[in-house]
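Listed here are the chains, written in short residue letters.
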Amino acid sequence: MTRKPFILRNPSVLVMLAALAVFTVAVTLMSQAYGSGAVPTSMVKVLGKTLCLALAAVAMDLVWGYIGILSLGQMAFFALGGYMIGQWLMYARTEAIVATSLAQAPIPPTPLELQEATASQIFGVVGSSDLPMVWSFAHSLPLQLLLVVAVPGLLALLFGWLAFRSRVNGVYLSILTQAMTLALALWLFQNDSGFRGNNGLSGLQNIPGLDGVSQARLSIWFLWASAAALGLGYVLIAWLVGGKFGSVIRAIRDDETRVRFLGYPVEGFKLVVFTLAAMITAVAGALYYPQAGIINPAELAPIASIYLAVWVAIGGRGRLYGAVIGAVAVSLLSSWFTGGRAPDLALPGYVVKWVDWWQVALGLSFVLVTLFAPRGIAGFFDLFTRRRESGS
Amino acid sequence: MLNATNLTLHYGGSQILHGIDIAAHPGQVTCVMGNNGVGKTSLLNLLAGRHPRSGGEIEFDGRKLDRLTAQAMARMGVGYVPQGRAIFPMLTVRENLETGFACLPRSERRISDEIFDSFPVLAEMADRRGGDLSGGQQQQLAIARALITRPRLLLLDEPTEGIQPNIIAQIGRVIAALRDRGDMAIILVEQFFDFAWELGDGFLVLERGRAIMQGPKSDLRREDLHARLAGHATAAE
Amino acid sequence: MSALLEVSGVSVSFDGFRAINNLSFNIGAAELRAVIGPNGAGKTTFMDIVTGKTRPDEGDVRWGEYSRSLLKMNEAQIARAGIGRKFQRPTVFEDQSVADNMTMALRANRNPFSVLGWRPSPSSDQRVAELAAEVGLAGQVNRKAGELSHGQKQWLEIGMLLAQEPRLLLVDEPAAGMTLAEREQTTTLLRRLAETRAVVVVEHDMDFVRRLNCKVTVLHQGSVLAEGSLDHVTRNPQVIEVYLGR
Amino acid sequence: MKGIDLGLDALSFASIYFLAAIGLAVTFGVMRVINMAHGEFIMMGAYTGYVVQTLIPDRTLSLIVALPAAFAVTFAAGVALERLVIRHLAKRPLETLLATFGVSIALQQIAKNVFGTQARPLTAPEWLEGAITFNDVISISTIRVAIFVLALLFLGLFLFIMKRTRLGLEVRAVTQNPGMAASMGINPDRIAMLSFGLGSGIAGIAGVAIGLFAKVTSELGQDYIVQSFMTVVVGGVGNIWGTLAGAGLIGALSKIIESLNPSNTLAAQTFMILFIIIFIQFRPRGIIPQKGRAAEA
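Residue numbers (my numbering), protein chains in the order written: chain X, 1 to 392; chain V, 1 to 237; chain Z, 1 to 246; chain B, 1 to 297.
A couple of the hints might just be wrong.
Said to hold, decoys possible - Below, simulated SDA-like cross-link-like pairs (lysine to any residue); rule was C-alpha separation at most 25 Å, straight line:
#1 Z:K53 / Z:A81
#2 B:K215 / X:A304
#3 X:K244 / Z:V141
#4 Z:K53 / X:N198
#5 X:K244 / Z:T91
#6 B:K91 / X:F372
#7 B:K91 / V:K64
#8 B:K91 / X:E256
#9 B:K91 / X:G379
#10 B:K112 / X:L333
#11 Z:K144 / Z:W118
#12 V:K64 / B:G179
#13 Z:K72 / X:L162
#14 Z:K72 / X:G293
#15 B:K91 / X:D255
#16 B:K215 / X:V171
#17 B:K112 / X:F337
#18 Z:K144 / X:L240
#19 Z:K144 / X:L333
#20 X:K244 / Z:G139
#21 X:K244 / Z:L106
#22 B:K163 / V:F116
#23 X:K244 / Z:K144
#24 X:K244 / Z:N142
#25 B:K215 / X:I303
#26 Z:K72 / X:L240
Said to hold, decoys possible - Sample of chain X residues with no beta-carbon within 10 Å of chain B, all distances over it, derived:
#27 G35
#28 A163
#29 G293
By construction, these hints were calculated from the structure, which means they are not laboratory data.
Ideal placement from N, C-alpha and C gives every residue a C-beta, glycine not left out.
All chains should be modelled from the sequences, with the hints used to inform the complete structure.
This is the structure:
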């Protein structure tokens, strides 16, 4: 048997990368910054954010679809990634503003004064003027970038170690991950948590040092970055699940007891997958929030993590492209319907306003998908390929 | 009473029963015999409606039955005493018995004295939890529980398995009494040869899901039947 | 000859019911042994204890030349130490190909990072092909395990066990649901395997045990009732009483 | 003195948790069904109370009407959910979780569309509005006493239904061995449907009680669902005393942590959840674990 290179063995990866490239080039050519302007900057941001959500969904699929942990804590990692990059964005930019305003003062400020002034600018809103300990590295982009993966990774490692070693499984594990997210959210909601309570971090769309660059351009740059991250993440995860490692984790999903009797340390595999997925999710979050402009603890609501699971379910669990399709389709449809642009549906005696009724339709569609299409949208592709195979 | 023909059964990919015929008549005990793993329990499960058959006809009281469910069979008058007894461990003895009330009209929902007369130990233990009973007591409870539903066909799956001799004798007397009442048909799956031979009116011997010997007691000789059963195990002697 | 596996004085209860009662059992390094006994005699619980699924309340289980206690090890560690288990119902990963199933079982470092770095090589491909041929699945390596027949799944599972290269094989009712021809193949294979390693077969089909032609241990109510050749144990009046004819 | 006050506070907290969780003790604890819409059933109960109050001005009378009405509404919703969705997802617990979550967000949005985003008042009768004062330090609002009494009442009702009624017997038989229960002539599907309805109905009544002191919004259920699940899991699945113990533990714990740092209830809740996560490490099957081989499967 000769082995073909990884990419050739996985045509779906090639298709995905090609689609992503075409999409990115097309959006760029229609953008206000680099092209015809057919796609407004706000739309570019929506698309860029959607790519980040798709990356989070692919990571969710790794955790749920491949190793069988229905984690309802993915948004905790996503938001933590956002908070970590947000710290630098907010600090560096506030510092720059403070520095400019203090520059007019007769005596130039000392670094300490500058830091104090920056801190009171940031934390005035929660009645504090000291820089909390957790902001110690906020001045440094490389350190905060490191924290983007390190903090969620460590949280996942610790939580996973506790949960997996006591063999908490199935729905219990799901509820436990949900509790973890809730605990983190409640903690962030406090004013003295060091993360500005329910105000969250804001102004993240302004990138320090790039004041001269228009939002139109920035949005395209972030789109590129998001597309690159999605592409890389997709290839990485596809590579992971394509080999023997993937074989083992799918086996753990289907019958973990049996895998133990084969001699594999099941808990170790779960821990590796859970932590890795947390870090990928955090990177997605770190790219998402600068495009969103603001992050606050509401992002960690239990409901948000469940959405992620639902996208994967609708797209088709256990298939990475299913996760991408689910995330993209549902989140774009959601923003179209809730954005007030969808035409109302006139029923006899009642006009359905989609702004009000979209959530209802979405909720019921989860029910229908789980009941009637457990393989999701990707399941329909199977019908095609099977027909083609049997036809030829 | 019950007449089943050409029954087949699959678990997943493997065929467990191959064309079994079995009949049960009021006032008679039909014994199903054979070594472990030949499909006796599967046959009983099928008749109790607990596992769908893959083929064959079942007639009960002259009515052809299509799809069976366990609760429909119970309500139709089929009492079931499973292998391993399947007592509800957290229910008291009385509650275990009362589960059978589901088959009775509201006015008749009481535990008759007959039950406690047949199994006095159950009256003593009425308020203990089923799981706390010994194996022999559980077996008596399992039979009593099936009798509560006033069955016309009683299915017994190895009622002597792992039970001490004096209780076996008592169970034997109860089964004989039920048979002699004349209104109940009994199918008994049993490996204890003497016990089965004593009670049985008709016999069916299975081997790997097929009937290898079948007929009324009058047509069979004790030695032949015993040889057929023990043959594989003791042929070398 | 010192024993490969030494079970001594093991007891375990569930809800006050003694599933295993002061059980002692030894098996040598290259030996075929059949364990028989009526339902509820503790055959499966015995396997659960040896493979680490159930912890006994008392007693000890020791393994190998250095007499390591298995009680301190988890299921995966015990499997890596060289004890393979075949389940009663074939449990293969139906979603994956025969080759994938076997590759997973191949002897190799099991830690997650080593598995990540593992790449198929000509020798691993060849090993899979050999194993597939050995268990009669030569033409089927690229089929999904879920598409195999019941008997073939049993065979695949045996193949996976062989790939693990265990020193002790625990086999739970291998003949269940097999056709006559498949049974014969299975007996031949088990006997061949026992030439180089220890094999314990739990079975209650007497015919099958007879064909294995090996030492038999009879379990009853969680302890050993008799041990010896099949003829020896079938003449034992107690064995006849509880198991054979009565 | 302070201790007694704290104890009373903890007790009333525990009562609320217990009230919210007791319906789950039936659907999750007994039937092993994950119903993420349970919180929305609590919310539906609260809105039913509000609607009844708009129709019947007398607050005492409206409360008396609202309790059975809420039960009826949520019982029907529960039965419908079981028949239409949950039954078809038997043995797929994770998918049940997702599907019922879909129901949950649909119900939330429907409530928002019908009642708006503003909190609706559900006012307690006057006799429930005061406080019982023992001295300067110790006083407890009447409504909290009422909730405690209601929780006790529910405990009694639950025990009565499970131990003394035909339905309870059949439910217990089905939980312990559905196959054998069917062979005794019990219809397991019908039992599943009724007990699911019962658990949901209790959630509805809890909703009325919670609505009396909390704001009735479409998000009311969200605030209770995770804690309710934790209460059941911490207590030990399948045992009402476990649920009681879980509610007691969580109630006491949140008050104790709160009293150490009174300015910050959010931190208290964070620590409580962390404590629970760690607690589950040591007692993965809860305070009162279910015994036996069946529980291991």
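Hints, one by one, checked against the model:
1. Z:K53 / Z:A81: At roughly 15 Å apart (the allowed maximum being 25 Å), A81 (chain Z) and K53 (chain Z) satisfy the hint.
2. B:K215 / X:A304: Distance ~23 Å between K215 (chain B) and A304 (chain X) Cα, so the pair holds.
3. X:K244 / Z:V141: Holds: K244 (chain X) and V141 (chain Z) sit about 16 Å apart, inside 25 Å.
4. Z:K53 / X:N198: Measuring from Cα to Cα gives roughly 48 Å; hence the hint is violated.
5. X:K244 / Z:T91: holds (19 Å)
6. B:K91 / X:F372: holds (16 Å)
7. B:K91 / V:K64: Given that 25 Å is the threshold and the Cα spacing comes to 32 Å, the pair is violated.
8. B:K91 / X:E256: holds (17 Å)
9. B:K91 / X:G379: holds (21 Å)
10. B:K112 / X:L333: Holds, at roughly 21 Å.
11. Z:K144 / Z:W118: holds (22 Å)
12. V:K64 / B:G179: holds (23 Å)
13. Z:K72 / X:L162: Judged against 25 Å, a Cα distance of about 20 Å means the pair holds.
14. Z:K72 / X:G293: At roughly 54 Å apart (the allowed maximum being 25 Å), G293 (chain X) and K72 (chain Z) break the hint.
15. B:K91 / X:D255: holds (15 Å)
16. B:K215 / X:V171: Distance ~30 Å between K215 (chain B) and V171 (chain X) Cα, so the pair is violated.
17. B:K112 / X:F337: Between K112 (chain B) and F337 (chain X) the Cα gap is close to 17 Å, so the pair holds against 25 Å.
18. Z:K144 / X:L240: holds (20 Å)
19. Z:K144 / X:L333: violated (37 Å)
20. X:K244 / Z:G139: holds (22 Å)
21. X:K244 / Z:L106: holds (11 Å)
22. B:K163 / V:F116: holds (23 Å)
23. X:K244 / Z:K144: With Cα atoms ~16 Å apart, K244 (chain X) and K144 (chain Z) stay inside 25 Å; holds.
24. X:K244 / Z:N142: Satisfied, since the Cα-Cα distance of roughly 15 Å is no more than 25 Å.
25. B:K215 / X:I303: Roughly 20 Å between the alpha carbons, so the hint for K215 (chain B) and I303 (chain X) holds.
26. Z:K72 / X:L240: The hint is violated at about 32 Å.
27. G35: Non-interface label on G35 (chain X) holds, nearest chain B Cβ at 38 Å vs cutoff 10 Å.
28. A163: violated (8 Å)
29. G293: holds (24 Å)
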